[in-house]
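With the hints as extra help, turn the sequences into a complete structure.
Read off the chains here:
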Amino acid sequence: MARINTYGVFRKIHLYAMMVLGVFLLVYFVSGLFFRHYHLPNNARTLPTDTLQINMNRNMDDQEMFAFLEDSLELSVKLGHINYGEDGSMRMFMMGATKRYWMTIPSDKNEVYLQKHINDTRESVHFYHVLHIYGGGFKYDLYLIFQDLVSISMFLFAISGIYMWYNLMRNKWWGMISLVLGLVYITAVIVTFS
Amino acid sequence: MSLRKIIIQVHLLLGLFIFPYLIIFGITSLNFNHGWFNSYEFGAPTVEVTEVEVPAIQDSLVLATAIRDSLGLFGYVFPRETYIDKGILHTRIQHLGKRQDLKVDIGNGKAEIKVSKRTFMGVLSGLHGLGEVLSGAPWHIKAWKYYQLVSVYVMVFWIFSGLYLWLISKQRKKWETYFLLGFTSFAILLMVWLWQG
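Protein chains in written order, with my numbering: chain H, 1 to 194; chain Z, 1001 to 1197.
It is possible that part of the hints are untrue.
As a list, the in silico BS3-like pairs of lysine-lysine whose alpha-carbon atoms are at most 25 Å apart [claimed, not checked]:
1. Z:K1174 with H:K12
2. Z:K1145 with Z:K1173
3. H:K12 with Z:K1103
4. Z:K1005 with Z:K1170
5. Z:K1005 with H:K172
6. Z:K1086 with Z:K1110
7. Z:K1005 with H:K12
8. Z:K1173 with Z:K1005
Everything labelled a hint here was simulated from the structure, so no lab data went into it.
Set out below in structure tokens:
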């Protein structure tokens, strides 16, 4: 019976995990840089609010209301969050890669106020970083499946990397120092915040 | 030492240093999508009473910041929650792990601190995106910004050094190339699809 080459298996896990991670890490890198440099000038635009004569008195729950508005206004967006006003009004935040919308529905639900925001490149790249929570439609959910795959690949990549280092390096001192430094530092940070 | 060996050494040593960040990044990313653990809410508060020397400062925000530093606290001082009413300074000091509501008697220096904590996952989620230097924080918290920056650049280094090591490897298989190109192309096409709305 052929012996399984454990190192070879971990090497392959490490390699394939990074093949999955690579393109997403680059996107996170670029969007992360944009996060840090949010003060830079941009050409994003928020357009004046439109009042739309859409009667929303249709006995729908929030998701159905979002689906109805998305369909009737031909928007291709993901529902972000909903804020509820004390007067019974609601404000829906909808996001797409190049546009964002705030939809305010007053308590009498006789009309809808739509505010549109045109993202600049930085905000659009940022969108790929903050797209969370399933249930936003097929293509958004498909992207989230990829994001989950990336998260799992991170664990696999990190753990297989530790295994490979332990088996590859004869002199483990520098690696041990580096690993312990990282662990001690993160522990100190978490304890300070807790 | 050959270039390959140098790259492997750097790849490994930097990687081991940021290993814990990668684990935090992975856990919190999964949690952002699935919401398994509550990351945002604060727990029930506990009350602590202490004494502090109150400096003679008129501006409530400056006074709150000075008191924060005297008490050895750190975090953002909320301007909207900071005011002086009947000789009592009210303020809120918050960071990603704790919210501290303070009532300080300016006359006698008696301070009541209501502390509400976030969960462990809340702290990890906050660390995922903490890219600013927190005012009044100890040095290792201020250094987080740089640790995170190093981590992000190391990840990019991993991609290119890993690619180089794979390209010069004798064990490289043809179908691995197809997998890499196929997966990357599919991911990019998906992003383009999302971009088009």
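> Any hints this thing doesn't respect? Which numbers, in order?
Replying inline: Violated hints (numbers, rising): 2, 3; every other hint is consistent with the structure.
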